[in-house]
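Given the coordinates of chain C, work out where chain X should sit on it, guided by the hints.
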Amino acid sequence: MAAAPKIKLDVVTPEKLVYSEQVDLIEAPAIDGLIGIWPKHAPLVTAMKIGTVRVVKEGEETQIAISNGFMEVQPDQINLVVRTAELPEEIDIERAEAARERAEEKLEKGHENVDFARAEAAYDRALARLKAAGHHDHGYDRL
Amino acid sequence: MQNMRDIQRRIGSVKNTQKITRAMKMVAAAKLKNAQDRAEDARPFFNKTVEVLRGVFTRTKEATHPLLAEREGGRHLVIVITGDRGLCGAYNHKVIDAAEEIVETEEEVSLMVLGRKARDYFRRLETDIMAEYVQLDDYPGYGFSNNLADEIIHHFEAEDVNKVSLVYTHFNSAISQSVKTMQLLPVEKFEEEAEAEAAEVEEQEQMDAETAGEEAEAKKYVDYIFEPSPAEVFANILPQYLINVIYSALLESKASEFGARMTAMDSATENANEMIDKLTLKYNRARQAEITKEITEIVGGAEALK
Chain C
1 MAAAPKIKLD
11 VVTPEKLVYS
21 EQVDLIEAPA
31 IDGLIGIWPK
41 HAPLVTAMKI
51 GTVRVVKEGE
61 ETQIAISNGF
71 MEVQPDQINL
81 VVRTAELPEE
91 IDIERAEAAR
101 ERAEEKLEKG
111 HENVDFARAE
121 AAYDRALARL
131 KAAGHHDHGY
141 DRL
Chain X
1 MQNMRDIQRR
11 IGSVKNTQKI
21 TRAMKMVAAA
31 KLKNAQDRAE
41 DARPFFNKTV
51 EVLRGVFTRT
61 KEATHPLLAE
71 REGGRHLVIV
81 ITGDRGLCGA
91 YNHKVIDAAE
101 EIVETEEEVS
111 LMVLGRKARD
121 YFRRLETDIM
131 AEYVQLDDYP
141 GYGFSNNLAD
151 EIIHHFEAED
161 VNKVSLVYTH
171 FNSAISQSVK
181 TMQLLPVEKF
191 EEEAEAEAAE
201 VEEQEQMDAE
211 TAGEEAEAKK
221 YVDYIFEPSP
231 AEVFANILPQ
241 YLINVIYSAL
251 LESKASEFGA
261 RMTAMDSATE
271 NANEMIDKLT
281 LKYNRARQAE
291 ITKEITEIVG
301 GAEALK
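Protein chains in written order, with the UniProt record's numbering: chain C, 1 to 143; chain X, 1 to 306.
Isolated chain C, as found in the complex (with noise of 0.2 Å):
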């Protein structure tokens, strides 16, 4: 049986090269919803939100945190520039639940002062790590 066809994930941020590999597929958070990518998609264009990237390379699964940024897939190769990109053994745990603390706090009251949609995307990032670092035992149907 010939092998299964891979597509080539690029993921930069300006700090540095987070991910470059052949995978099978992928799953991501474009600015219009979920958008999964398989090897030969047709070549698109998409803005990404904050959110996780799910990643199966040879039937395992890494979550990757991601914030803003945009994609362009080719049928072979996938570029995705963010802002920041983490892998779940990157992400520090502690941190993002207490960033996420904030960020309710913050939402929560909702007047005085606050940056209604800095504290959304504090939040969302959050989500987003603990997400991708496997940490299931909050709503995060959010994102």
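No false leads were slipped in.
On the chain C side, residues computed to face chain X include the following (Cβ under 7 Å):
no.	residue
1	30
2	43
3	47
4	72
These aren't lab readings, by the way, just hints derived from the structure by calculation. Just so you know, even glycine gets a beta-carbon here, dropped at the ideal spot from N, CA and C.
Here is chain X on its own, set in the frame of chain C:
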């Protein structure tokens, strides 16, 4: 022959200067390491950003967005990135030269200056300065470029300016940096396209060139799917393109500044060494002459007593 004490004093002053240049070299070297790492780490990000976006614009004809609008004439905004301090060889001057060249050729120019050196220079020339930022961080953050990009987008969309360029220094290595000029807005297509278009003045010919290029690069022309729509995608990724490019340019410029300063201070320290050697030789000669003179005087005196 110079007085011995004068020479000694000069040696002392050169030594003091050398202490300063040596310390500056060390500081620059330490900062360079950090800045260089950051600039080099950001490079794949920068390259991908430019590659992907320009690629998309080159290969898509339906690209329409306020930030892609090509307007004739009008004001040209030039963003100039220099350092805040001197003592770094020709680093600041090279950037200023490149920027001045643009200023001289364009009719209407405004500047956005980053770094005290550029600000002071263009203030003296009384060039119109739209915005100035001094005392930049040694390691610029992403948020700062975010603000800059917002400001640029604001001016471009308000049609205050019709073209935006960026002059910065690209970091090749600690001893080699090169000044680069890059057009930010409207976003340039890939160079082969630009050249092909520039070569053809008449519109009809231009059309031909485009079709020829299309055949030659049939593979490169791709019908992109835009999710959810081209307008929305561009609205999202164009600002990010600007931020990314400015961020990288800032990092590159900072690394270059430290590199240039380190090299300049290194050669200054070396020159001081040379100078000290020469002065020491001079001092010893003067000392010997003095001794010889004294001996002659003593011998002369003794002779006279006989």
